[in-house]
Amino acid sequence: MPTFNIIQAVNDALRLEMRRDPSVVVLGEDVGRFGGVFRATSGLFEEFGPDRAIDTPLAESGIIGAALGMALNGLRPVPEIQFADFIFPAMDQIVSEVAKYRYRSGGQYACPMVIRTPYGGGIRGGSYHSQSPETHFIHTAGLKVVVPATPEDAKGLLLAAIRDPDPVLFLEPKRVYRAAKGEVPEGEYTVPLGQARVTRAGHQVTLIAWGAMWHEADLAAREAEAEGIDAEVLDLRTLQPLDVDAVVRSVTKTGRAVVVHEAPRTCGFGAELAALIQERCFLQLEAPVARVTGFDTPFPYTLENEYLPRAPRILRALRQTVAY
Amino acid sequence: MPTFNIIQAVNDALRLEMRRDPSVVVLGEDVGRFGGVFRATSGLFEEFGPDRAIDTPLAESGIIGAALGMALNGLRPVPEIQFADFIFPAMDQIVSEVAKYRYRSGGQYACPMVIRTPYGGGIRGGSYHSQSPETHFIHTAGLKVVVPATPEDAKGLLLAAIRDPDPVLFLEPKRVYRAAKGEVPEGEYTVPLGQARVTRAGHQVTLIAWGAMWHEADLAAREAEAEGIDAEVLDLRTLQPLDVDAVVRSVTKTGRAVVVHEAPRTCGFGAELAALIQERCFLQLEAPVARVTGFDTPFPYTLENEYLPRAPRILRALRQTVAY
Amino acid sequence: MRRPSDLGAVRRSRGGSAGGPPGEGDSWPIFRVMADDGSADPAALTVPDAELKELYRRMVFSRQLDERMIALQRQGRIGFYIGAIGEEATVLGTAAAMEPADWIFPCYREHAAALLRGMPLPVFLAQMLGNAGDLQFGRQMPCHEAWAPGRFTSISAPIGTQIPQAVGAAWASRIRKEPMVSLVYFGEGATSSSDFHTGLNFAGVNKIPTVFVCRNNGWAISLPREKQTASETIAQKAVAYGIAGERVDGNDLLAVHAATRRARARAAAGEGPTLLECVTYRLEGHSTSDDPKAYRPSEAVEPWRKKDPIPRLRAHLAGRGLLSDEEEAALQAAAKEELQKAIRDVEALAAKPALESMFEGVYADMLWQQREQLEEARAAVAADPRVGDPRHHGS
Amino acid sequence: MRRPSDLGAVRRSRGGSAGGPPGEGDSWPIFRVMADDGSADPAALTVPDAELKELYRRMVFSRQLDERMIALQRQGRIGFYIGAIGEEATVLGTAAAMEPADWIFPCYREHAAALLRGMPLPVFLAQMLGNAGDLQFGRQMPCHEAWAPGRFTSISAPIGTQIPQAVGAAWASRIRKEPMVSLVYFGEGATSSSDFHTGLNFAGVNKIPTVFVCRNNGWAISLPREKQTASETIAQKAVAYGIAGERVDGNDLLAVHAATRRARARAAAGEGPTLLECVTYRLEGHSTSDDPKAYRPSEAVEPWRKKDPIPRLRAHLAGRGLLSDEEEAALQAAAKEELQKAIRDVEALAAKPALESMFEGVYADMLWQQREQLEEARAAVAADPRVGDPRHHGS
Ligand SMILES: Cc1ncc(C[n+]2csc(CCOP(=O)(O)OP(=O)(O)O)c2C)c(N)n1
Ligand SMILES: Cc1ncc(C[n+]2csc(CCOP(=O)(O)OP(=O)(O)O)c2C)c(N)n1
Ligand SMILES: [Mg+2]
Ligand SMILES: [Mg+2]
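Protein chains in written order, with this note's numbering: chain A, 287 to 610; chain B, 287 to 610; chain C, 122 to 516; chain D, 122 to 516.
Keep in mind that the hints were calculated from the coordinates and are not lab data. There could be a bad hint or two in this list.
[Claimed, not checked] Derived EDC-like pairs (lysine to aspartate or glutamate); straight-line CA-CA distance at most 20 angstroms: (1) C:Lys298 - A:Asp337; (2) C:Lys298 - A:Asp307; (3) C:Lys473 - B:Glu592; (4) C:Lys328 - D:Glu449; (5) D:Lys414 - A:Glu332; (6) C:Lys328 - D:Glu347.
Here the structure is a predicted model, which is why all the values come from computation and not from measurement.
Could you put together the complete structure from these sequences and hints?
Rendered as structure tokens:
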């Protein structure tokens, strides 16, 4: 098995699926000839030509709007938003159109597509190259939201997402784009959407994370172990549909939960997880569900490490939750 | 004191503040000569002229972008989005610009404005004239979010919002635009942002709502009383900043909470409230915080009464929560 | 430095121009085939007689449909209506000029195009009622129909969104090397929207075969055209995108049809998209929610009533001996009868679609949220019939 | 039906045109004052000699600043840089043509305009470092400066957003009857954005006094201009908005300055906005994050290196006896020294702004969330110094 980083895994998935399915096209700013500012679509233009690796003008609403029309008419588009921070000009197309097309047309039409976009902080990107906007899309019925943490999952989840009948927002954790390396099976395989991964078994507290923050959670759990705290770690992988059974199963066992995410705390996905956990595990809970998150501020530049909910802050929350 | 409905109260507030402060202008689609599709800006064009009651072309990002520039340069704009469902084309201007301008410029600039928009269902408006998008904006640090439920509050909160140094999203509950009538003090007064209103004292369960759903909560609480359930009802009035003290105070007393909102459940503001309550009242809670909400679907047309979390569904949740 | 008025120095139109422009602005030529009295140069006729008569019949039907629906709305039998009174030549002239395999992306006044594309009248009416017969399960307001068998896409309210979508659909066919041209409708108000800009720009750069039809009906709710854009015409906006622009008398069915054929031919030949401005007029309020008296003097409307596209085409047909008074009376009566019967049939259906339809179709398969919430809704309805009752409202 | 190439039939420019256009497309005339060799018709000169020399000095300074910052980035001393190498005449010619009370809405390459507007170099540099001297508290990436005393607004990354904002600011002044004209910068890539469209349309309808400056530098990251729009020129997009459009040689400081003065005068006179296309070239990569070799052959750049605006203005000044070799050497040396000293001073400041600055300024006063979270952050940092340490990363 080759060792890939996440960019390579994404690239591999796109190439394989474009070979397998002639209806798959990629489109976006700089994704064609250049191969993407992170090189995730590198080589696709050369192999599949300008009709299937499409450079678009600088307009996110155009990218998603055109992708929607393509999807209605039988293509399987994989539009790229260059940074998740730049998804907002396309918000109307995504929220009002992509998410609602099947429903409103009574199923006469559907517009499956995978909107790929690098997200998250830790690359010294400041307020506009660091954000984690998942809440907006989890809140929008009609969309699925997927976040891989590892190269193997990146490839398998992306292949599953492209084959999925529903529109998927595929958030790629750019801080670990190159840093996260791992063996990736050759050829096609899928990792089913909607299934969390228990990456570490434990019985004292459930630690829930995804994307780049899963790596921090993993580190924190290892450090916690040295202190005698036995944490079970979940990498959610899919935020919508959430693997609620996996969450409930784990928290029912541990009685405690800590949720980690980069997005600001208020109305972040951690709030939904806390709400669900207290709804479903009320009698098992021995401590409040704790949230270790980005703060309720725009994403800062110089102080980004203070802002991000990295291992030291997670470790603190584990200690407090276990001691509650 | 005159009896006003919410539209009249909004109109009165705008007129008074435009008389008092020459920097206040209203702008948006059909708000000038016509006075707004709901007539909320009626008469302002006649009194203040086309420079201060401004008809704009059909482009929400232009409305908010222009308002931002006006605010930088000393005006106090009150842009209107004709229906909250149409706020998404302006999402980038709101989330990337309005919300972050003060912060990113180190306080060199600020762009206070009040974005007024009718929101919510119950007027047979279907998927695109019924939505409640508050989550998106509560999650966006830098914005305040206000929702009046009564004419008196509509006027006082709107006056406070216009004088507030921060940008405010002012969501007007259009189902009760005309139905909610009440005495409204003449002349200027403000209702401070960030203060919830206890509209009914009780000791068994805290019922939290806002906007049109506060009226449903109120009805449900009255019906519950007949069944011997003693609910305390909170009208939040401001969602950001939330009056967290009022919430904690009430739930600490009652030990139980039911949250009501029209927006879809997943990642709705009810999730944040549940998360906060379990964080802060963990040891007092005797039942899970319950959510009575819109469902995780686009807003339907024919079945909107089944969709909306109206009194009968709230009553059910009160019974279940009290019996837990 | 050049001002837009300099554009007046160049006036050309492929099809020739009979009479002066009916609307504002004269820097861009306006294409007409029929004079106001319905007369036309026989050499300029391109629509076969039978087809022309059929289009006339459809215009009459469209008018009756709109009037009937407005009446139903006033009687509280449907919740809302938005129609095309005065714009029938624009809607039918464009739609009829396309090929069956072409996709049509409607705005919200193109019901006549939906019916032309084969949407059965009862299905259309069930959408107006949002009842058990509605293929869209009462999920959307009236006038938000979709008809996939006719490649007539799904109407939504947000203005302009369909424009880049139409570009994407045509692009998909071109990638597969299928001959298809998409056509998309929007009002002149929509030219201010973001998606107008991205749609036309994407199409221009990539020479996508799309015909952009602007129904310039002079008003966007209460805003007159000159408050929407300072450009003298809509057609000249094509210059910004390096694409063809054409201005046509939108109340002249023959001109609209011919111009659309030309635009379609260019698109199909790989010569790129066209922005087609159809100059017409919204004779009634914006919708049944609107009362235009608050912002539009009725004098402004009068001249346009005289340009009504239906009497104009009738005069044309009559002048050419293609339509007798008896035929006219017969097709008016047939339309009335068809409508009456269909309304009766559709109103007989159950008023509400099934509860589960609220939760289905959000995703291809329900997620656990929809499954759980359907059960929750079922239990709530079972426990208390007031759950779905509009009379039981707070406040 | 008219195609954009018909536009070629009308060619006019107020200022006259010396030599052919340097860029693509020829349907819209390009305004030049200086020939490639720096020579110019004395009658066409509008900038006083002293001001011209000062602008030359600023162009040289801008070039040195960019080069120095790129070097600092390579050395890891700043995190990112995006500059204006090759575009100095466009940036300075436009900014210098405005009045002090005018507002400037930058894109992200107009650092020379910030300095011209009085932003002190050390303050600018502290923003590059995001350190304790940064007036913006290290909240944004380098090159996102703001300078309110000079009415130079706050740069953000999302493309195009500043365009309608500039319209709003000028609108506010007009409502108050203050004489102010706003100027807004953007690249040709930004003309595809939604906000370009809404900004120009709003300004057109309301005749807002705004000068829209498009730095057409040929590239938007890897995308060449012809992949951005099918219009032959950017200036012709003005036609869509019924506003004035002008195309100018962006490497000709004299032409840029004169054209901006004209546009400003029209705006101030109530004649409405102008879209000013400055045809220039991005000689380097998009930013320090970019390597243009992956998409742009260096042969494409060579002709443009010969059109570098700095040697061209130097030749002009020298030709007119306004700049000796000694003066040239002196101003180069002075720039170098000023930069060196300022960098040294600013690098000596504390690397991080105070922790509370992360929570302040989100709102005028902190809400309870920021207050509580500041305490949380303080406690976390106090308990574990690794909290702010980039080396302690998972994976
Ligand atoms: C994004 C958005 N903003 C506002 C509205 C409200 N609205 C509905 S129709 C309309 C006017 C449309 O005018 P025009 O495009 O000329 O079409 P017409 O109704 O004249 O056919 C407006 C403002 C909307 N539907 N969507
Ligand atoms: C909304 C948005 N989408 C994408 C980007 C990423 N991006 C940054 S600069 C740029 C190209 C801009 O090109 P142009 O407008 O020509 O300006 P130039 O850099 O050439 O000065 C892109 C795509 C962004 N900043 N904002
Ligand atoms: Mg119109
Ligand atoms: Mg550029």
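Results of checking the hints against the structure:
With a C-alpha separation of about 11 angstroms, the suggested pairing of Lys298 (chain C) with Asp337 (chain A) holds against the 20 angstroms cut-off. Between the alpha carbons of Lys298 (chain C) and Asp307 (chain A) the distance comes to roughly 16 angstroms, so the proposed pair stays at or under 20 angstroms and holds. For the suggested pair Lys473 (chain C) and Glu592 (chain B), the alpha carbons sit about 11 angstroms apart, so the restraint of at most 20 angstroms is met. Annotation: proposed proximity of Lys328 (chain C) to Glu449 (chain D) is violated, straight-line Cα distance about 50 angstroms (limit 20 angstroms).
Between Lys414 (chain D) and Glu332 (chain A) the CA atoms are separated by roughly 16 angstroms; this keeps the pair inside 20 angstroms, and the hint holds. Distance hint between Lys328 (chain C) and Glu347 (chain D) is fulfilled; the C-alpha atoms sit about 12 angstroms from each other, no more than 20 angstroms.
In the structure shown, a violation is registered for the earlier hint numbered 4 alone.
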